[in-house]
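**Q** Chain by chain, the residues:
Protein chains: 4
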Amino acid sequence: MAKGKLRAAIVGVTGMVGQQYVRMLENHPWFEISTLVGNRSAGKLYGEAVEWIDSYEPSERIMNMPVRVANPESDDVDVVFASLPTEAAYQLDTRYAARFPTVSDASSYRMEPDVPLLIPEVNPDHLSLLEAQRRGRGWRGLLVTSPNCTATGLAMVLKPLHDAYRLRKVVVSTLQALSGAGYPGVPSLRIIDNVIPYIKGEEDKVAAETKKMLGKLTDSGTVSPDPVGISVMVHRVATIDGHLESAYIETERPVDVEEAKEILRDFRGRPQEMKLPTAPERPIIVREEEDRPQPRLDRMAGSVPGMSVVVGRVRRGLDERSLRLTLLSHNTIRGAAGNAILIAEMMRELGYLG
Amino acid sequence: MAKGKLRAAIVGVTGMVGQQYVRMLENHPWFEISTLVGNRSAGKLYGEAVEWIDSYEPSERIMNMPVRVANPESDDVDVVFASLPTEAAYQLDTRYAARFPTVSDASSYRMEPDVPLLIPEVNPDHLSLLEAQRRGRGWRGLLVTSPNCTATGLAMVLKPLHDAYRLRKVVVSTLQALSGAGYPGVPSLRIIDNVIPYIKGEEDKVAAETKKMLGKLTDSGTVSPDPVGISVMVHRVATIDGHLESAYIETERPVDVEEAKEILRDFRGRPQEMKLPTAPERPIIVREEEDRPQPRLDRMAGSVPGMSVVVGRVRRGLDERSLRLTLLSHNTIRGAAGNAILIAEMMRELGYLG
Amino acid sequence: MAKGKLRAAIVGVTGMVGQQYVRMLENHPWFEISTLVGNRSAGKLYGEAVEWIDSYEPSERIMNMPVRVANPESDDVDVVFASLPTEAAYQLDTRYAARFPTVSDASSYRMEPDVPLLIPEVNPDHLSLLEAQRRGRGWRGLLVTSPNCTATGLAMVLKPLHDAYRLRKVVVSTLQALSGAGYPGVPSLRIIDNVIPYIKGEEDKVAAETKKMLGKLTDSGTVSPDPVGISVMVHRVATIDGHLESAYIETERPVDVEEAKEILRDFRGRPQEMKLPTAPERPIIVREEEDRPQPRLDRMAGSVPGMSVVVGRVRRGLDERSLRLTLLSHNTIRGAAGNAILIAEMMRELGYLG
Amino acid sequence: MAKGKLRAAIVGVTGMVGQQYVRMLENHPWFEISTLVGNRSAGKLYGEAVEWIDSYEPSERIMNMPVRVANPESDDVDVVFASLPTEAAYQLDTRYAARFPTVSDASSYRMEPDVPLLIPEVNPDHLSLLEAQRRGRGWRGLLVTSPNCTATGLAMVLKPLHDAYRLRKVVVSTLQALSGAGYPGVPSLRIIDNVIPYIKGEEDKVAAETKKMLGKLTDSGTVSPDPVGISVMVHRVATIDGHLESAYIETERPVDVEEAKEILRDFRGRPQEMKLPTAPERPIIVREEEDRPQPRLDRMAGSVPGMSVVVGRVRRGLDERSLRLTLLSHNTIRGAAGNAILIAEMMRELGYLG
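Protein chains in written order, with this note's numbering: chain A, 1 to 354; chain B, 1 to 354; chain C, 1 to 354; chain D, 1 to 354.
Quick caveat, the hints were computed from the structure, so don't treat them as lab data. Accuracy of the hints is not assured; some may be wrong.
All copies of an identical chain are treated as equivalent in the list; a pair is satisfied when it fits inside any one copy or across any two copies.
[Said to hold, decoys possible] Here are the computed lysine-lysine pairs in the DSS-like style, where the Cα-Cα straight-line distance is at most 25 Å:
1) K200 / K44
2) K261 / K275
3) K5 / K200
Please read all numbers here as calculations on a predicted model, not as lab measurements.
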């Protein structure tokens, strides 16, 4: 192991997000993959256990690492990246967090009052919830959650617009990629020549999580969700990666479209200031072409592929206090593994990783 | 030719909509295909000229009919079904209408004050515009237009809701099928593993046409567009047929969801009263499953395949004066050829076909 | 129940083939669906249990029928259509056959010496194996199997060519549809923008089964497999239904291409003579276009949709004793449920259904 | 322009292959893009003219370069990469070759006796045809052609097997990607949920070109095509990039499968010896998994993405003098632009670029 690198466990390592963790951490300057945790695949080598979906191919070292059953109490790592199904996450995320700094992309604890739900560019101040978490839970470690893959792109784009124009209502319609359903996920017989206008639980999650992330810290040390109204209608389409979302946004202040584009383009956050390894130079890329963003062309855009949100078709709504736009974000990178790694990087710089 | 059948010309017969006309008119009880008109294909037999896209296969008779160049002044038919690109339609639709009852699905004349833009179930009274048309144009024939394929399903669903709840604002996002772009249309390299969030001119057309169709006849004999605000964001997806639309609807009166579903289910129009051959028993089919409508499963639903609009996911919006739903309509049947044939059937019964 | 109709059980009724059985038997003139058998879905109504994949929608009657657990010893039906996974079929097919005339499309017993593997047009004489079966097994019922979905189309096309030219070697490459893998089957993440050049066990099955079907009855009452060499290379592609196969065929006698097409076109079998309800007028449809057959256009061709094999691109190979062609057959109709129903129809006419 | 780099013209720069040339030459160590030639796009900037298909995005410099009309007589470059439709190539390839070293991927001159048809690893000795070309044509420049995209992968794999086992007959079936048809190419309505078993002229080209590349130089300085029999059956499938081919190979000498895999793995050519920039370390990658190669996973495999051919499913045929395998090669990289660049690199090292 490279000297000084932090030892990282990937929990749920054979899944779609687990595969992104492997890809993004294999050559990471600060973290080193030291433990692979799986459930059904425990006891196998990673190369035998995983049905690898991407064209990227892990190194021999990783392919020959054993996958182990989850055993939070006996592991010895510096940080845990957990990507588990909801039920399993209810059991395991807190057991890992009791001992280690843990970043989870499961929905299980996202809405807990003492658990930060974080996009490092959007609400880094919510890390202060960890004080209450430590007091209340008595953990040696800590738990931070990464949001729903659809909420991530949406919150990133709404944040600077909210600061500038004060949002009243957002009506968003999504066209979500297949990798968002995990593996095996959506049967091909369901999606070829088809669209499915439904994803279980997704619409409520996107609305509630976005409101939490846009929320303010109160004096009592909790987060008060933002009162903006958010309506979400989801659709699954036949794309591999990249969630596309079209939003109709109503604001309190009048909107100038060109100014709004500048605000989006100029948006920067703590990760950019801190020059974190996984921070894209531009969190939001605004395109002027009338037919962009497109999933296959834009999902890997930017200086750190998959970490920027690409926005296009920015234009007025029905009146001057409204705006329309289409955004795209890579659901398993910015919407999961990449955002979680960025959280861990920021936490390391802020001294949370011990 | 069967005795008593009206002789129909199909103009633009090799295109996607032209192919639907052939399929739907081949065994029609009232109309008989007598003339096939094409441009690049003129001089060939239909079977040589057409790149047939559907699994339906036309009869030998049709395949061996010659395709002729457009020559409105020398044709001799009882009704014309015209499906031409916009520019060609500017030239030809009026030349045909000068001599024959003509139903066109081109956008060229849809917004003309004296041209009915018609869905027989929605605004049959707009046929009265034909009086002004005859006076003003001095034609022996007449011109009625069939709306944009996306506007058709939308207007059909909004009509009964508007009558019941008075609509204030509609925010709609579409997932449109490939056949809507005609043939050859969208290159496969653009749409496999992809979505295109843009269709030239479509968004404005859908809004304006829907408002015209929901509009009222004024004392001066013209149509005053409805003041409802309509925002449309379009997307092209990799489905063959069937436009899916998700709508967020704001109303003046409070909405009861179960009542709204009943209103949609119970909606009937003149075509149902008149028992027209191409009229579906139920113009709107409401489904209760949480994941319907789906294009591949529902686009051919109903007693006349492709003529019903299928609605699902009917639920409240952000407050009691709002409603959300997803609708599906077959873009080349109800959204083009089928609606035009239904128009012609209604006009025949009302004595407009001479 | 309609008087005089035979009561049919569909075993494995929620699967892809089970759904085709429902569709094809709902209005069958001779059979009536009386029992639905499922495993995981037992105890539910069919409408709750099935994830229906096709645009066809079963009647209320069927949707409200209970799905029952397999219980061959207590059922009371006239014929069993069984469509089970291999392991389950090993257990259940013989238990059903012990009491009822049973047609199974599982591979489990296809290669048993006393079990006919049947395409009614190809080897109806193999039904005579049932004598040995009855003697040896002591069953009140009987077991006939329907071949692998890829073998069905291939054997149908090879049969008349073998009779005419004596085949020496067949090198076939397949492009198989998703429904052939059952449901949920192939994950969408595996097949969008992709091809999988592998299907477990398929290549050996296609070769061995085709040779058995082309085989001759010996004096001892068994079938001697045909000595033709058959090489199969399979590929899964992103089509919903319809297996396409391209074959390079070497023959003992010189081949005249036009004559070969005539032989294919003129091919008729017992089902056509007997005018069975599910028998297509032409078992093989030969197309002359250079780019046919195509799955989406041709899989439902013919007088009984999905029951004809469509052949195209018939042309010479590298010398005069060779032939090349591409064939398409609907894998869940002629390749499974449809062929099994045709077997049952023929058996009824021949007095096997008691 | 970087000092010492050779100035390259890309002719046909907006097409699918043109786009690959841009991507692969933008940061090439030896060549610099100096001239962009297009036909319909002449007069525009490249960024306006091109409908860019890939997720890679060209630099500002390239996007702002003007596209010029073809004018071979007035250009001033060191090497020409030409990617034109057949008819245009008949006119222009020789006009370019009259003045400049020209590598063309058009089929127009591939079969000319004095024009090398080259895969640098397979038949570098065929460059000696250029002597006769210079004598006979009196050109200052020269013309070398890069083979058909399907022939490239096939010839690369057959070459070492031919040397080892002497091939008698090859029966190959292809599953070809959409980018092989250029842009706009295959309409999406033709290929979603479908396969097209036909590509105009392709089958003859693949056979004839492969035989030329495997052919030997004769004493008279021409190439005598190899006598191996090659049957090709082509299919277009819904993949973006990567032609898959399954081959049944008959040999004169007995084949040991493990040895054959070693022979393929160990295959190296002049480009590897010369360490050319675009030469992959391993021209052929052999995989042991039973379900590989797959287009989406393997088309960019190897040290220079898209330049290696990936082979899998190597196994016996019907007897010991036969072999079966499936191969994949990236059709616009190794099958076009990449192979042409590799040709140019080899020619530079051999002194052909002046």
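**Q** Give a verdict on every hint.
**A** Here is what the structure says about each hint:
Taking the shortest Cα distances, K200 and K44 sit within 25 Å of each other only across copies (22 Å), while inside one copy they are farther apart (32 Å). Only within a single protomer do K261 and K275 lie at most 25 Å apart by alpha-carbon distance; the minimum there is 24 Å, versus 48 Å between protomers. Taking the shortest alpha-carbon separations for K5 and K200, neither the intra-copy value of 39 Å nor the inter-copy value of 43 Å comes in at or below 25 Å.
In terms of the numbered hints stated before, the structure departs from hint 3 and from no other.
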